[in-house]
Structures are given as C-alpha cells and as structure tokens.
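Turn these sequences into a full structure, and let the hints guide you.
Those protein sequences? They're chains E and F, same order as listed.
448 is the number of the first residue of the first sequence in our numbering; add one for each residue after it.
448 is the number of the first residue of the second sequence in our numbering; add one for each residue after it.
Think of the hints as simulated: they come from the structure by calculation, not from any bench.
In this text, all values refer to a predicted model and were calculated from it rather than measured experimentally.
Incorrect hints may have been included.
Each computed PhoX-like pair below joins lysine-lysine, with the alpha-carbon atoms no more than 25 Å apart [claimed, not checked]:
id: 1; chain 1: E; residue 1: K861; chain 2: F; residue 2: K782
id: 2; chain 1: E; residue 1: K910; chain 2: F; residue 2: K910
id: 3; chain 1: E; residue 1: K892; chain 2: E; residue 2: K910
id: 4; chain 1: F; residue 1: K861; chain 2: E; residue 2: K716
id: 5; chain 1: F; residue 1: K782; chain 2: F; residue 2: K667
id: 6; chain 1: E; residue 1: K701; chain 2: E; residue 2: K667
id: 7; chain 1: E; residue 1: K667; chain 2: E; residue 2: K680
id: 8; chain 1: F; residue 1: K451; chain 2: F; residue 2: K609
id: 9; chain 1: F; residue 1: K861; chain 2: F; residue 2: K680
id: 10; chain 1: E; residue 1: K782; chain 2: F; residue 2: K716
id: 11; chain 1: E; residue 1: K910; chain 2: E; residue 2: K861
id: 12; chain 1: E; residue 1: K701; chain 2: E; residue 2: K782
id: 13; chain 1: E; residue 1: K716; chain 2: E; residue 2: K704
id: 14; chain 1: E; residue 1: K667; chain 2: E; residue 2: K782
id: 15; chain 1: E; residue 1: K892; chain 2: F; residue 2: K716
id: 16; chain 1: E; residue 1: K892; chain 2: F; residue 2: K910
id: 17; chain 1: F; residue 1: K782; chain 2: E; residue 2: K716
id: 18; chain 1: E; residue 1: K451; chain 2: E; residue 2: K609
id: 19; chain 1: F; residue 1: K892; chain 2: E; residue 2: K910
id: 20; chain 1: E; residue 1: K680; chain 2: E; residue 2: K861
id: 21; chain 1: F; residue 1: K892; chain 2: F; residue 2: K910
id: 22; chain 1: F; residue 1: K910; chain 2: F; residue 2: K861
id: 23; chain 1: F; residue 1: K782; chain 2: F; residue 2: K680
id: 24; chain 1: E; residue 1: K667; chain 2: E; residue 2: K704
Cβ-Cβ distance ranges computed for the label pairs, FRET-style [what the hints assert, rightly or not]:
id: 25; chain 1: E; residue 1: P681; chain 2: F; residue 2: P694; range: 51 to 59 Å
id: 26; chain 1: E; residue 1: S538; chain 2: F; residue 2: V707; range: 51 to 59 Å
id: 27; chain 1: E; residue 1: D593; chain 2: F; residue 2: G778; range: 50 to 58 Å
id: 28; chain 1: E; residue 1: G749; chain 2: F; residue 2: K680; range: 36 to 44 Å
Glycine residues also receive a C-beta, built at the ideal position from the N, C-alpha and C atoms.
Protein chains: 2
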Amino acid sequence: MASKPPVAFIGLGAMGFGMATHLLTQGYAVTAFDVFPPTLDRFLQHAQSHARGSTASTASSPSAAVAAASLVVCMVATAAQAHAVLFSGPSPAAAALPRGATLLLCSTVPCAYVRDTLATALVHAGRSDVDLVDAPVSGGSIRAADGTLSIMAAGSDPALAKARPLLQAMAAPDKLYIVPGGVGAGSNMKMCHQVLAANHILAASEALGLAKHLGLDLHKTAAELLVLAPENKPRMSASWMLENRLPRILAQDKDGKAPVASAVTIILKDAGIITSEARRCGFPTPLTSVAEQVYLAALGRGWGAEDDASLVRLYSEGVGRVGPVSGQVDGDEAKTGLVASLLEGIHLCSTAETVAFAHHVGLDLDQVYELCVHAAGGSQVFASVARDMIRVLQRGASREPDGRQETLPLAVDKMQTVVDEAQRLKCPLFLGSQALNLLRLALIKSEEADGEAKAAPSTAVLKAWAA
Amino acid sequence: MASKPPVAFIGLGAMGFGMATHLLTQGYAVTAFDVFPPTLDRFLQHAQSHARGSTASTASSPSAAVAAASLVVCMVATAAQAHAVLFSGPSPAAAALPRGATLLLCSTVPCAYVRDTLATALVHAGRSDVDLVDAPVSGGSIRAADGTLSIMAAGSDPALAKARPLLQAMAAPDKLYIVPGGVGAGSNMKMCHQVLAANHILAASEALGLAKHLGLDLHKTAAELLVLAPENKPRMSASWMLENRLPRILAQDKDGKAPVASAVTIILKDAGIITSEARRCGFPTPLTSVAEQVYLAALGRGWGAEDDASLVRLYSEGVGRVGPVSGQVDGDEAKTGLVASLLEGIHLCSTAETVAFAHHVGLDLDQVYELCVHAAGGSQVFASVARDMIRVLQRGASREPDGRQETLPLAVDKMQTVVDEAQRLKCPLFLGSQALNLLRLALIKSEEADGEAKAAPSTAVLKAWAA
Numbered sequence: 448m449a450s451k452p453p454v455a456f457i458g459l460g461a462m463g464f465g466m467a468t469h470l471l472t473q474g475y476a477v478t479a480f481d482v483f484p485p486t487l488d489r490f491l492q493h494a495q496s497h498a499r500g501s502t503a504s505t506a507s508s509p510s511a512a513v514a515a516a517s518l519v520v521c522m523v524a525t526a527a528q529a530h531a532v533l534f535s536g537p538s539p540a541a542a543a544l545p546r547g548a549t550l551l552l553c554s555t556v557p558c559a560y561v562r563d564t565l566a567t568a569l570v571h572a573g574r575s576d577v578d579l580v581d582a583p584v585s586g587g588s589i590r591a592a593d594g595t596l597s598i599m600a601a602g603s604d605p606a607l608a609k610a611r612p613l614l615q616a617m618a619a620p621d622k623l624y625i626v627p628g629g630v631g632a633g634s635n636m637k638m639c640h641q642v643l644a645a646n647h648i649l650a651a652s653e654a655l656g657l658a659k660h661l662g663l664d665l666h667k668t669a670a671e672l673l674v675l676a677p678e679n680k681p682r683m684s685a686s687w688m689l690e691n692r693l694p695r696i697l698a699q700d701k702d703g704k705a706p707v708a709s710a711v712t713i714i715l716k717d718a719g720i721i722t723s724e725a726r727r728c729g730f731p732t733p734l735t736s737v738a739e740q741v742y743l744a745a746l747g748r749g750w751g752a753e754d755d756a757s758l759v760r761l762y763s764e765g766v767g768r769v770g771p772v773s774g775q776v777d778g779d780e781a782k783t784g785l786v787a788s789l790l791e792g793i794h795l796c797s798t799a800e801t802v803a804f805a806h807h808v809g810l811d812l813d814q815v816y817e818l819c820v821h822a823a824g825g826s827q828v829f830a831s832v833a834r835d836m837i838r839v840l841q842r843g844a845s846r847e848p849d850g851r852q853e854t855l856p857l858a859v860d861k862m863q864t865v866v867d868e869a870q871r872l873k874c875p876l877f878l879g880s881q882a883l884n885l886l887r888l889a890l891i892k893s894e895e896a897d898g899e900a901k902a903a904p905s906t907a908v909l910k911a912w913a914a
Numbered sequence: 448m449a450s451k452p453p454v455a456f457i458g459l460g461a462m463g464f465g466m467a468t469h470l471l472t473q474g475y476a477v478t479a480f481d482v483f484p485p486t487l488d489r490f491l492q493h494a495q496s497h498a499r500g501s502t503a504s505t506a507s508s509p510s511a512a513v514a515a516a517s518l519v520v521c522m523v524a525t526a527a528q529a530h531a532v533l534f535s536g537p538s539p540a541a542a543a544l545p546r547g548a549t550l551l552l553c554s555t556v557p558c559a560y561v562r563d564t565l566a567t568a569l570v571h572a573g574r575s576d577v578d579l580v581d582a583p584v585s586g587g588s589i590r591a592a593d594g595t596l597s598i599m600a601a602g603s604d605p606a607l608a609k610a611r612p613l614l615q616a617m618a619a620p621d622k623l624y625i626v627p628g629g630v631g632a633g634s635n636m637k638m639c640h641q642v643l644a645a646n647h648i649l650a651a652s653e654a655l656g657l658a659k660h661l662g663l664d665l666h667k668t669a670a671e672l673l674v675l676a677p678e679n680k681p682r683m684s685a686s687w688m689l690e691n692r693l694p695r696i697l698a699q700d701k702d703g704k705a706p707v708a709s710a711v712t713i714i715l716k717d718a719g720i721i722t723s724e725a726r727r728c729g730f731p732t733p734l735t736s737v738a739e740q741v742y743l744a745a746l747g748r749g750w751g752a753e754d755d756a757s758l759v760r761l762y763s764e765g766v767g768r769v770g771p772v773s774g775q776v777d778g779d780e781a782k783t784g785l786v787a788s789l790l791e792g793i794h795l796c797s798t799a800e801t802v803a804f805a806h807h808v809g810l811d812l813d814q815v816y817e818l819c820v821h822a823a824g825g826s827q828v829f830a831s832v833a834r835d836m837i838r839v840l841q842r843g844a845s846r847e848p849d850g851r852q853e854t855l856p857l858a859v860d861k862m863q864t865v866v867d868e869a870q871r872l873k874c875p876l877f878l879g880s881q882a883l884n885l886l887r888l889a890l891i892k893s894e895e896a897d898g899e900a901k902a903a904p905s906t907a908v909l910k911a912w913a914a
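See the structure below:
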C-alpha cells in the first residue's frame, strides 16, 4: 500500500466526496481541495472515522493540493469550474503540477472542452509534460463511495497506463471502459450515455405525474412499473433511473419535498452538453432538446438546487385544478399499462437518439452498448433493442427479422392511446408527445421506403434520426 | 330590413357577443341565450344603446331561444358545450328547432364532431330536416363585433344558400370562404389555420421572453419585430398574432397581469383539436404538440383563465434567478436580430406543418393560402413561402428555383445561433429548439436526397413532415 502514488483530489461534491474517501480506503494518500471549506473538514472527519490509518490531508488552494501529487483527479461540476481550477481561478493548479504528473478530468464536460480547450491550454502553459486522461464517470454517489463506478477513460497509451490503477480503484471490476480515440472520446461516450440519463430522469417524473392524473396509487404503480408479477421479472418499462428516482418522486409527492441527491442543475448541465455538441456537429436531438427545455423551465421557477425527482410536480401540479376531466381508460391494470407504455415509448426513442448520436460521433457501438446497458442509462428497452439498432448501423442491415419486437404500427398505437388519455386528463406529456411524433415520422418514412411498415420499431425509429 | 329571418344566437362569449350584437345592427331580430344570465342583460343594454330600433330579445333556455328562429347560430366554446346545447343539456335546442331550420355551428370543433357525432345525432333525433352548416370563424372579438370575421363555411348547397346572407353579415366582404367537401370541411380548414394560431401565440411569448433574457427593452424590441426602419416595411418576423398579443405581453411584463382577451384554455382547446385529429388520421404535428404541452403546463399552474399573452412569464420568470449567465451576442441590433430569427424559424415550421396537414386532410390548398394569409394565422413568412410549399404538393415539383429564399443551411445556422445564445442565458425555447431540430432533420433528408442541400427551406422543411 505504501507504494501507491500520492493523489490530489479537487472537487468534493456528491460524487467527488465518495470517490476521494474511497481512495483513502484503497491505500492512497489523498490531498483534497474544495471551494467549500466545511467539506474539507468533513473529509478529514470521515478519514478518521472510516479510513483509520489512511493519509488524508487538505489544501487551501488548487495549486497547494497538487504540488506533491503525481496523480490529480479533477471532479468539479462543469468545464468552466475545471478551467478555473487549472488555469484561470485563484492559485490555479496547472503551473503547480509536478513534472510528468497525470491529470484525470472526471467531470462531465463537452468533448470540445477537454480535447481542444483544455489540451491546448496545457500546451500554452508550457505543460506538455502533463499526461491528460479524459475520464468521466457514471453511477451516482453510492457507487462513487463504493468504488464501483462506470468509468469511460480515454487518452494516450502512456497516460492511460499511468492512470489505470487509480481508475481501477474507482471503477467496478468490469466497468472500466477504455474508450479508443484519445482525449475527448471518453467525454463523447459519457455524453451519449447521458442522452439516456437526461431523458429517463424526466421520463420517471412524467410517468408518475401521469399516474397521478390517472388516479393511481403511486406506491403500487411504482412497484409495478419495475417488475411484473407473479414471476417478478423486470418489466419492459423499467430503467435504472426509474428505480433510482422512484423513492424521491414518492417523497416529493407525499411531503412536497424530495431529498436532494442529484440537483436539477446537474442534469440540465449534461443535457446542455448533449444539445450544444449536437448542434456543433450537425446532429438533431429532438428528445433531449425537449427534456432540456423542461429542465430550463424548472430552473426558471427557482428549482435548480432541488432534486431532479422533484420535477414530478411539473406534471402533477394540475391534478384537481384543471377543471372537470374524464378519462376513457378504466381499471388500475389498464391505467398502469398506459404509464408503462409511456415509459417504453420514451425509452425506445431515447435508445435510438443515443445509438444514432454515438454512431455520428464515431464511437465503438459495441462498447456503447456494454457501457450503457450496465450503467445509469440502462433500461429494459435499451437491453432489448439497442443491439438490433447497432447491427443496422454497423452492417447496413435494413431489415433484421426480429420475433421479439412488436411491430412499429403497434408501438405507435400504444403511444397514441397514452397521449389520447393524457390529453383528456389535461396532463402534459413533454417527452411522450415528442416520442409519439417521432414514432409517427418513423412510420411514415418506413411506409414510404417499403410500401408497408414491416420494419421493427428499433430499426425504423433509428432512421428517423438520420439515414 | 323587415324581411330578414329571425335569428337565435346561442353562446355570447368574447366572440359570440360581438357577432350577435353586430347582427342586430344589420337588421336581424336576434333572440339570445347564454348560460351566464348577466351576459343576456348586457346584450339587451347594448341593443338599446348601440342598436336603436333593433329587435333584441333573450331566452331562458336553448329550446326557448330557437323556437321561432329559422336561423340558429351556435357559438359556444367547445364541442361538448355544443352537444349539451343541442341534445344533452337542460331544455336542449334540437327538438325545438322549427321545421327546416338552418343551424350554423360557428364554434371551433373537431371535424369528427360536426361531421359524424352532430350530424348523426340530428338524424337520430328525427331532425334530418335541419340544414347544418359547419362555419367556424377567425378574427378576434373586435372583428366579430365589426362583422369583418373570416368565416370557413361548409355544408350542402341548399344549406349554404340559406345561411349565406347571415354569413355575409358576419364576415368581411372578401373573407367568407365556402369550403368544398361538405360538413366537416369548414372545421378542417379552421383546424389547419389554428396550427398557425397555436404556434404563433406561443412564439410571441417565447420571443419576448428571450428578449427579456437578452436584456433588451421590450417596447423597442416589440416595435422592431414588426416593422423594419427606415422604410417601415413589415419585417419577416411579423405575424398577426405577434402584433395582436404584443400590447398584452408588454402589460404582463410591466404590471404582472395582462388584460384577458383570449384565455389560455381557448388556444389549448384548439391545440387539442389539432393534435387529436392529427393522431386520428396518422399525421405528425411536432410543433403544435410542443405548444400544447406548454399550454397544458400553464393550465396545471392555474393560469387557464388568464390571457394567453401572460405565458411570457413561462420564459421570463427565470431572468435574474438562474444564476450567473453570460451571452456572446453584443449590441441591441444583433440581439433583436436573434429574436427575429427565432420567430422566423418557428413561423417557417408552423407554415410547413399547416400546409402539410391541410394537404393530408384533403383541403384546397389555394383556398388555405387565401384564408390564412389574411386571417389571424397570417405571418410574413407564411406570405413569403406558403405558395412555394403548395406548388410542391400540387405539382410534385421538388425544386422550385426561388431567388427570394435563403438557403436551408443558412436557415439552420440562424436558428442554431439563437438556440446557442438562449442556452447560454438559460432561457427555455420550447418552440425554437423544436424548430431547429425539424430544420436539421429536413437538412439531413435534403442532403441525402440530393447529395447536397440545394432545396429552398420551404420545400425541404415541408418534406420533414411527410413525403
């Protein structure tokens, strides 16, 4: 353990705190810096109580933190913060890095930032000796503290070789993905994963908001959206984000306040990276763009610091105040089926948007699949159809026979039933109505191409984005 | 004047009141009914003070109102209200109509309601003798009271012959459109017109909300969005709805309260007709669907009875509370240019959605053009590009040489600049981001088809909807 190199850790937020304290338990000597001093006191206390014998210290500036560290992890919230820490803020780190240090940027940032702006700034600062690793993470604060994150690391081979033990210490054994393509490719991988995350987070609120308008018991419905009785198999509507956000959505509904685990500003920032990078490279992101506008509207209401699960309010606040409404769908099972269909339709479109975008930015699609299916962006729909989509893009196959999938007209019908009922109940469905229009456009395109609509939904929807 | 047939007028809301009192000044004897009795008192007072010598009376039920009327105008707010008035409410009118009466339904209702539900209900009630005219109107309460509405009338030839003098009394001389296709075609025409209305109303709020985030003076910007100095020519960003809503948007911004001229519930109802009819006939309405979700969200906040111009709040409420932001566009002229581009892009997409939908439901596109360009859905963009779109659909022309239009890549660039800046300022652009993605999809499709993007934006965007 004594042979492990000293680590500087900058940015001890919800994720960073867990990562930094986990490194202590793995025998790394960690010097921490955060702009919020009480966090540093908490870091030292945590080291004393949970990582006896570890070497924890704190620094009063980025430059002081990195002065003796051969490995530096930067886990701040945004590219702007990373740039301030390294170059433009008070006592910045770049000039103070030991010769030949390895810098791991674990924040979620645009590819263009890490590949162009940051890499160039290091050169301009005379720090070509620093090995840069682009290593965004996924998995939430619990897995951060457990050292079982998914990590998407990219950089030069020597840089990756030096960073690998530290990356392995923070990642689950099978979840350290070395992304080919050099610095920037890791951020691209994270960005494509976040297409799923940004849409599934809002979809969870949209689904439970619709459930509320339908008059369903939210606790019961929540459970039924995840698993199918009696075998307790995962239901097609299930997703990692749904399962993760449900307790907080239920708390929001019950107490009017969800505990804050991941703020609206965080997923808004990630959605903004997706849509701005998409614009930069000429790619349409119709689903994520809608989600982003809803997050922006929530920010405008002053909810930026609240948990993203609190957004269920945007959908449910009209219950009982939108005037007399009457739905046409009766029975809890049928109503829960509507909510499940809503999630399936959104997850289908978000899967297509993710795969098509990953293809557009040149990622290895098999790796995209492996990463996403096991990370926070995962869903039953993704697991079921993403491989078919990838085959179409890899081999140009236009019509995979696929007995597992329903037909596209059926998928359209199901979403149409959901949107019809939501309209009767006057429940907004930002993502659901967008997904329906995307499915409808895909159906028209598919009928044009084939004279009839034989393509599986996965293939047809994928083509709505591009080819 | 004495020879004019007696008229029953049911539904004296913002539009109906003006229409009914105008008919008095035209020498019609009008018996009015409304569910809100004070309105009837106001009707009689108005007759005394503004229509001396007219024959105005009121009735205490729909059946009493129509008992002696050979012409009946129904101007209630919704299909459900019309059905209650005629069949299912207290003292309904249908059974009491004089033999051979002419019934004009002027409410905005789904084609399926007037063509199927209402027509069938008349037959089932043994009232095949009643001549039904499907005659929705457009123009706002001032033109209603002036007798200068646009009216889209459809029905059998005998029914139209009997209704024509009354329709002419309510419409501007050149704005009575006889829509071919029988009962239901008028409602389809109104529905397609409302695609423009529903999107332009929200676009006006979205544009002024963005102007607020940009730090522009709203009064100055409002004027500049309508006309170009120094020649005072209409600017390409201008629309009927923008001009009409601006004073109320400015009042909302100044006093926190816009006077109520047209409630959110009204345009929400119309948007709902568009999207539900579109679903029924398998047509995608990506832009109107987004507008509808925003209207539903406003309803959920309890703003249903407020003027639709009050929705500028949805965009501007974040100004000053979304944290530090910094834009990259400097100077009032450039900033106003962004707002104008936002409107142009939205108006371009709403024009395409309107024309493509009208084609899908089988309307005469030349008549659609004539109606819309002079009605509340009109805009400079519509006037500039709708004819080109119509030519493509009518003649299958795929590439009209068109020196007047900018290229599609330029249109995409302009919208991209707007969405980039709005994102920096954290201003939601529900319609603008959707329009950009639709333009982007159109560009991809156009490049695929042609190897390069030579098509005019009008033609290319139109194709994003269908063929």
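Tested hints:
no.	hint	in the structure
1	E:K861 x F:K782	violated (44 Å)
2	E:K910 x F:K910	holds (15 Å)
3	E:K892 x E:K910	holds (8 Å)
4	F:K861 x E:K716	holds (23 Å)
5	F:K782 x F:K667	holds (12 Å)
6	E:K701 x E:K667	holds (14 Å)
7	E:K667 x E:K680	holds (16 Å)
8	F:K451 x F:K609	holds (12 Å)
9	F:K861 x F:K680	holds (21 Å)
10	E:K782 x F:K716	holds (24 Å)
11	E:K910 x E:K861	holds (20 Å)
12	E:K701 x E:K782	holds (21 Å)
13	E:K716 x E:K704	holds (22 Å)
14	E:K667 x E:K782	holds (12 Å)
15	E:K892 x F:K716	violated (30 Å)
16	E:K892 x F:K910	holds (11 Å)
17	F:K782 x E:K716	holds (24 Å)
18	E:K451 x E:K609	holds (12 Å)
19	F:K892 x E:K910	holds (11 Å)
20	E:K680 x E:K861	holds (21 Å)
21	F:K892 x F:K910	holds (8 Å)
22	F:K910 x F:K861	holds (20 Å)
23	F:K782 x F:K680	holds (20 Å)
24	E:K667 x E:K704	holds (20 Å)
25	E:P681 x F:P694: 51 to 59 Å	holds (55 Å)
26	E:S538 x F:V707: 51 to 59 Å	holds (57 Å)
27	E:D593 x F:G778: 50 to 58 Å	holds (52 Å)
28	E:G749 x F:K680: 36 to 44 Å	holds (42 Å)
When held up to the earlier numbered hints, the structure conflicts with 1, 15 and fits the remainder.
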